[in-house]
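Sequences listed follow chains P and R, in order.
Each residue of the first sequence is one higher than the last, beginning at 1 in the working numbering.
Each residue of the second sequence is one higher than the last, beginning at 1 in the working numbering.
I should point out that these hints are in silico values taken from the structure, not numbers from a laboratory.
Be aware that one or more of the hints could be misleading.
Each computed DSSO-like pair below joins lysine-lysine, with the alpha-carbon atoms no more than 30 Å apart [claimed, not checked]:
(1) R:LYS154 - P:LYS116
(2) P:LYS145 - R:LYS154
(3) R:LYS112 - R:LYS63
Computed from a predicted model, the values in this text were never measured in an experiment.
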Amino acid sequence: MRRRGLSLVEVLATLFLFSICLAVISQLLANSQQAMKHSRGQDRSVQAALVTLNDLRDEVKEATTLVVPASAAVATTLELSKANPNIARFPNPLPAVAPTGWTLFPSGSLVTVRYKVVAGALVREIVSGLPVASYTMTEGISDLKTRLLAGGNVEISIEVMEQQKNQTLLTSVYRLR
Amino acid sequence: MKSRGGSTLVAALLISVVLLLAGMGFLGQRAAQNRAVNGALLNAQARALAESGIEDALQKLSKDNRFPPLNADSQTVFTYQETALDAGGNPLGESQVTVDVTYRQAPYSIIKLTSIGRVGPPGGPWQATAQLESELDVAPKVRGAATVNPNFFKLLYLRSGQSF
């Protein structure tokens, strides 16, 4: 038995419908790809900034003295001193007679660290206590603001640049004191 | 009429395989993201448990004169554990606190505290751990002076092992 084929009109109509479907699907895929790319980029910047904020929070908790911020006024740096764990401050073994003139943090046992934004990046500097050094901690940070809250707590906010938009991440560091 | 069943089946199978691979790739991406988020959450929980251990030791030291309960004069270090429960009463993890009173007497007047936060079922295996070290100032007067110590019974720092 001879099979009936498709007419030219049927084939053209099918091709037309198929091309419309293909165009719609490719448009949807392109949009979703663009959105995912944007979201991934933003995720990375924000994630990096969140990790940075976490590091700053740990650093503040580790500090023995806060140099900046020193008041409720907003500062653009974070500067603090912390004990160098590599310097032995306590006599070991414990002597039978207590030493005179023992101090809690002898000179050279504290390291001063400063954070500031330079050319769109957060920079960490060793100011004193160890050889002066500086390195870029996180790229894409446009601003750092710190201020002292009641009870010696600290508020830190950093601004992340993401495709011409700035996003502010803020944290309050409560020191266990 | 010649049957076309065979070629239709092959085409259907091919399309299914392509869709399956695309779906698996997508799910694989999501699974990796999920693992990263879970890891961050567990680390945060471990850190919170370690901080709660330090807080707990502070409370015990401030409210109980006989804490830490040392068995002999030569004993200067006391370690204890507290289990943390979630809102449903299930164990979330534990904090292990070490209280070192070696330098409690003047002129040092320092109690060293170390707390390890562990997330996971009791006895392990632990999914995340975090350690914090601190020093508690217990000098009522400023060292070498007669004035009241403003840092009396305050933590001097809370170190989490960050390097310079």
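Quick rundown of the hints versus the structure:
For the suggested pair LYS154 of chain R and LYS116 of chain P, the alpha carbons sit about 29 Å apart, so the restraint of at most 30 Å is met. Proposed proximity of LYS145 of chain P and LYS154 of chain R is supported: the alpha carbons are some 27 Å apart, at most 30 Å. Restraint check for LYS112 of chain R and LYS63 of chain R: satisfied, since their Cα atoms lie roughly 18 Å apart, inside the 30 Å limit.
Consistency note: the structure conflicts with none of the earlier hints.
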